[in-house]
Structure formats: C-alpha cells, structure tokens
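Visitor: Sequence:
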Amino acid sequence: MKRLIVLIYGLKGSDSRFGEYFPNLLKSDPQLSELYKVVSCHCHFGFFRYLFSNKELVIETLTRRLRKKLLRVNKNYTQVAFVCHGLGGLVARQYIMEEAMNQKTLDVDRISMFAVPNSKLDLARIYDSLSWKDFFGKNFSRHPETIEKLNKAWAVNALEKKVAVKYVLGDLDNIIDKSDALAQWGTGYFTHAAKKDHWSVFKPESHDDSAFLITKRFLLSEAHAQKKYPKNLLAIAEVLSWELDSSELESARNDIINLVDSLNQLQWRSRQLLCALIQKANQISYDEMVVTPSEISKTMNLTTQELEAELSFLKKYELIDFTEGNESEKIKLRWPDEKWLIWDQLKGYCQKTKTGIGLKRLIVDLQFDLLDSKKMAS
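Just so you know, the sequence shown maps onto residues 254 to 631 in the working numbering.
Warning: the hint list may mix true and false statements.
Ranges of calculated distance between the beta carbons of each label pair, as one might list FRET restraints [said to hold, decoys possible]: (1) Ala436 x Glu313: 20 to 28 angstroms; (2) Glu582 x Asp498: 36 to 44 angstroms; (3) Asn517 x Gly609: 22 to 30 angstroms; (4) Lys373 x Ala562: 43 to 51 angstroms; (5) Thr545 x Glu571: 15 to 23 angstroms; (6) Thr545 x Gly439: 45 to 53 angstroms; (7) Leu466 x Ala436: 20 to 28 angstroms; (8) Ser547 x Ser286: 41 to 49 angstroms; (9) Glu496 x Lys405: 44 to 52 angstroms; (10) Gln518 x Pro397: 38 to 46 angstroms.
Using 20 angstroms as the maximum straight-line C-alpha spacing, the simulated SDA-like pairs for lysine to any residue come out as follows [stated by the list, open to error]: (11) Lys414 x Leu487; (12) Lys600 x Leu487; (13) Lys405 x Lys484; (14) Lys357 x Arg320; (15) Lys290 x Trp521; (16) Lys613 x Ile510; (17) Lys414 x Ser515; (18) Lys533 x Val543; (19) Lys469 x Asp282; (20) Lys484 x Glu501; (21) Lys456 x Asp282; (22) Lys469 x Tyr330; (23) Lys255 x Pro276; (24) Lys415 x Gln525; (25) Lys585 x Val544; (26) Lys481 x Pro589; (27) Lys613 x Asn517; (28) Lys585 x Asp597; (29) Lys600 x Trp588; (30) Lys569 x Ser515; (31) Lys290 x Asp360; (32) Lys533 x Pro589.
If you are wondering where the hints come from, they were derived from the structure by calculation, not from laboratory data. Nothing here was measured: the structure is a model prediction, and the numbers come from that model. Glycine included, every Cβ here is placed at the ideal spot set by N, Cα and C.
With the hints as extra help, turn the sequences into a complete structure.
Guide: What follows is the structure, given as structure tokens:
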C-alpha cells in the first residue's frame, strides 16, 4: 500500500507558481514514486472568499480545509508525509497539534518544513515582504499569537517524538531568521540548502538539487518512535510469569531490550500490523499463535494484495510465517526468542485491567518502560 505526500504551499503558492518543480520531481523519482502518491494543497483564498471568511480564524479555516482534503484522499494510504513551504507549514503544524490534542491517532508520520516562520519576528518580515494588495497574507501575518500558541502546544505535547521533523532553510533567506529556526528545532532537525533564498528553496530544478535530495532522504527514511526500555526487574518477572533469580531476570531484561531494538527496525505500519496480529491471534497450541488473513484484512481495512505486501516486511524479519497467494493459509506468529513466548505474555499482561497499558503503546510506540511497576497506572 502506498503512502501519501501532501505538498502544502504557503501564501499564493501553487504548482503553477512553483513551476511544478517539486511535484514533477517527486513523481518522476523511481524510489519515491514506488512508495508515494503526491497531492497538493494551497493555503490561500480568492479575494471574494476572503472578504466573507472569518478573518480572525484564518489558520483554523485553512486547517479545516486541509483536514477535509485528507479525508477525501487518505482512505487508501497507510501514512502521510507533509512537505510544506512558508505559512503552509504553520497550517500543517496546526493540523498535527489539533489531532494530538483531540487524542486521535496521527496519520502523519513526518513533516518537512521549508522556510516556515518560527517567531513573531519572522511573521513581521513576511508581512513587510507582501504587497498591500495581499489582504489575506497581511491578515495572516498580523497574528503573532498563532506561532506562540503552536510552539507552546508542540512542546507540551512533545510532538517531535510522535512526528519526524526536518526543517530546511535556504542560506540566502532574508525573511526567516536562522537563529530562531535553530532555537525552535535544534541542530538534529535543522539543515540548510546552499544558494537558495526564501522562494527558490521550494523550487528544486533537478533530482540532483540539494533541496530535492534533502527531501528524498527524509521521505525514504523511517520515522522511528523513541525507544524506551524497561528497568524494573520485578516488573519483567511479572510480565513473563516466571520465577527467576537475579541473573535470569537481567537476562530477560536484555532480551526485551533486544526486542525493542528489533521492532524499531520495522516501519511504523509494520509495527501496527504486528500489534493487530497479536491482538487477534488465537493460541491453538502451546507454541503457536495464528490468525486468518481475512480477519486481519478486515481489521486493518486492507485488500488481499495490500495485506500480502505488508506481511512481506514481517516475514522478512522472521516475525511471521505466511505463504503469499494462499487465502486458506493462516498467519503464524513466530517468537523472537524460542525460549519464551513473548507475544502471548505481553498480550496477557496488557489485558490485565490494573495495568492500564494497551499493547499498541508497547509494540507500535515502543514505550516498553511502561512495564516498570511504577508506571502501571499511567
């Protein structure tokens, strides 16, 4: 199943304004076109629509438009990547923030931001760069509280741990302040494109263009969850339901650490599928957990072909046994370590009402520190 790239243009931005450089390059790259479908979204109104809009809620209005577009096009895609320019990045961040604060499962796993404002001073420079005729842009730039609220919400909800971020700034940009960008995102998320200004940074001219190569590497990389290892040995013993001495407990904890590292190598979608398999699987004998393809297809809303494509990743990492093209075949989960039945044990542990821990938080989000007894009620 393909993923989705949503190009979100800023003020007056569109495929035509940017010469269709980015969408054409993304679509014509063999590696990206195999994984992604590309759609575009602009962040501006026509003059008359602007006059009748709620001018004090511009970013909320644009975010609703983005949400509606995603609902229309995102039904058949596993993950969404935002690639944004200028004020389009604020709309993308607003969408992510609203989804997180409404406790919805994020369909966006990464966001690449080109010359997106980070402070009220950035907004002021954007305001000064606009024509007096650009009423919409002037109004948008007149509300510095938009950025202040976004930055605060982003930090409070620790969204950089839930969504992979790449911030790109042209080294000739005279609108966005580099020090503000570094202060907001840190050196680990920040990079610059050589010989690019505020506009040309979003107009890569070839597959060898630095702006395109930065984006390609980011889109092909995996958005890893932040791994969290368990520390409490007694909690490990409870999970395993084993009576172990101290040395065996330490060995069991090391096994879980190795398991977390292995799961981290999987794509986010593959971890989600593995979690669903564990939740649906029945233990038909002491050493075997199985689930039917039709059952998991219905749960994950996948066609037979899409399911087989997703299962191939788990099979590659020797986590399942499954014969492609055989609809009567059952999907068998394989134990990461044959000496202990970790999938069944974790499933049973999460089903205990007192833990308050869902299996998704372990398998998908890699929050294995929740196994520590002190965090059972969190």
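Visitor: None of the hints should be skipped; say for each whether it holds.
Guide: Okay, the hints, checked on the actual structure:
| no. | hint | verdict |
| --- | --- | --- |
| 1 | Ala436 x Glu313: 20 to 28 angstroms | holds, 26 angstroms |
| 2 | Glu582 x Asp498: 36 to 44 angstroms | holds, 41 angstroms |
| 3 | Asn517 x Gly609: 22 to 30 angstroms | holds, 24 angstroms |
| 4 | Lys373 x Ala562: 43 to 51 angstroms | holds, 46 angstroms |
| 5 | Thr545 x Glu571: 15 to 23 angstroms | holds, 21 angstroms |
| 6 | Thr545 x Gly439: 45 to 53 angstroms | holds, 46 angstroms |
| 7 | Leu466 x Ala436: 20 to 28 angstroms | holds, 26 angstroms |
| 8 | Ser547 x Ser286: 41 to 49 angstroms | violated, 31 angstroms |
| 9 | Glu496 x Lys405: 44 to 52 angstroms | holds, 49 angstroms |
| 10 | Gln518 x Pro397: 38 to 46 angstroms | holds, 42 angstroms |
| 11 | Lys414 x Leu487 | violated, 28 angstroms |
| 12 | Lys600 x Leu487 | holds, 18 angstroms |
| 13 | Lys405 x Lys484 | violated, 31 angstroms |
| 14 | Lys357 x Arg320 | holds, 13 angstroms |
| 15 | Lys290 x Trp521 | holds, 18 angstroms |
| 16 | Lys613 x Ile510 | holds, 17 angstroms |
| 17 | Lys414 x Ser515 | holds, 19 angstroms |
| 18 | Lys533 x Val543 | holds, 8 angstroms |
| 19 | Lys469 x Asp282 | holds, 9 angstroms |
| 20 | Lys484 x Glu501 | holds, 14 angstroms |
| 21 | Lys456 x Asp282 | holds, 16 angstroms |
| 22 | Lys469 x Tyr330 | holds, 19 angstroms |
| 23 | Lys255 x Pro276 | holds, 16 angstroms |
| 24 | Lys415 x Gln525 | holds, 14 angstroms |
| 25 | Lys585 x Val544 | holds, 7 angstroms |
| 26 | Lys481 x Pro589 | holds, 18 angstroms |
| 27 | Lys613 x Asn517 | holds, 14 angstroms |
| 28 | Lys585 x Asp597 | holds, 13 angstroms |
| 29 | Lys600 x Trp588 | holds, 13 angstroms |
| 30 | Lys569 x Ser515 | holds, 12 angstroms |
| 31 | Lys290 x Asp360 | holds, 15 angstroms |
| 32 | Lys533 x Pro589 | holds, 18 angstroms |
Checked against the numbered hints given earlier, this structure breaks hints 8, 11, 13; the rest are met.
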